[in-house]
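Asks: Using the sequences provided together with the hints, build the complete structure.
One line per chain: the protein sequences are S and R, in this order. Just so you know, the first sequence maps onto residues 1 to 113 in the working numbering. Just so you know, the second sequence maps onto residues 1001 to 1115 in the working numbering.
Because the hints were derived from the structure by calculation, they are not lab data. Treat the hints loosely; a few may be bogus.
[To be verified] 30 Å max Cα-Cα, derived DSSO-like pairs, lysine-lysine:
#, chain 1, residue 1, chain 2, residue 2
1, S, K70, R, K1057
2, S, K36, R, K1011
3, S, K36, S, K51
[Unchecked claim] Covered by chain S, according to a simulated footprint, are these stretches of chain R (three or more residues, beta-carbon under 8 Å):
#, region
4, 1017–1024
5, 1044–1050
6, 1103–1113
Glycine included, each C-beta is placed from N, C-alpha and C at the ideal position.
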Amino acid sequence: GQQVMQIPQYQHVQEGEDFTTYCNSSTTLSNIQWYKQRPGGHPVFLIQLVKSGEVKKQKRLTFQFGEAKKNSSLHITATQTTDVGTYFCAGPSYSNQGGKLIFGQGTELSVKP
Amino acid sequence: DTGVSQDPRHKITKRGQNVTFRCDPISEHNRLYWYRQTLGQGPEFLTYFQNEAQLEKSRLLSDRFSAERPKGSFSTLEIQRTEQGDSAMYLCASSSLAGRLEAAFFGQGTRLTVV
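Replies: See the structure below:
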């Protein structure tokens, strides 16, 4: 079945270091979405990428969508303690009849002050 | 607060009991989803409504699970004869058909513990 995979599963960084998480889909995606879940919280939508090769920035966060629309990455520059949480990528199901999302298992980011 | 709300936030139940959770989506959203999340995993799709119609149900969902969305507004998820393996966070999300943004807006979830 359709799968979305993320690496790494965990990442521990010193505050100020950069962080990158990678997302790969077994199928071509119409779009890729990124969510952040703080410890004890719920997933919160960050961004949606639609176009092949698209790059979007949100302050220190840079999101990329691969040319083949099967992979994506999230890069955080100069991490802060407020970046702590689990970052999920998600893509629409190929049988998409209504926005059902297939989530990766997430990358848990911890930041040491 | 105009976000997605879920009730209760926490539920502890004995194995074999029935439980029901409620979700109130963002009012203008016509799509409503239920997901389940266990520790260290991403949300896993359970079922989906467009207005009051249940359009898809995961094959992973046993017959003990049922969901409704009467009148296309709030939704309920019922689990009958709960098992310890049902312990998880149950997340509700809503989205809108309008525009190209397909983002899901999640509620804070109901954490179920079956003892």
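Asks: All hints are to be evaluated individually against the structure, with a verdict given for each.
Replies: Each hint, compared with the structure:
1. A threshold of 30 Å between alpha carbons decides the hint, and for S:K70 with R:K1057 the separation of about 25 Å falls inside it, so the pair holds.
2. For the suggested pair S:K36 and R:K1011, the alpha carbons sit about 24 Å apart, so the restraint of at most 30 Å is met.
3. About 21 Å separates the Cα atoms of S:K36 and S:K51, which keeps this hinted pair within 30 Å; it holds.
4. Coverage of the region 1017–1024 of chain R by chain S is violated in this model, with 0 residues showing a Cβ closer than 8 Å to a Cβ of that chain against a need of three.
5. Counting residues of the region 1044–1050 of chain R whose CB lies closer than 8 Å to any CB of chain S gives 4, which reaches the minimum of 3, so the coverage claim holds.
6. With 7 residues bearing a CB less than 8 Å from a CB of chain S, the region 1103–1113 of chain R meets the requirement of three and the coverage assertion stands.
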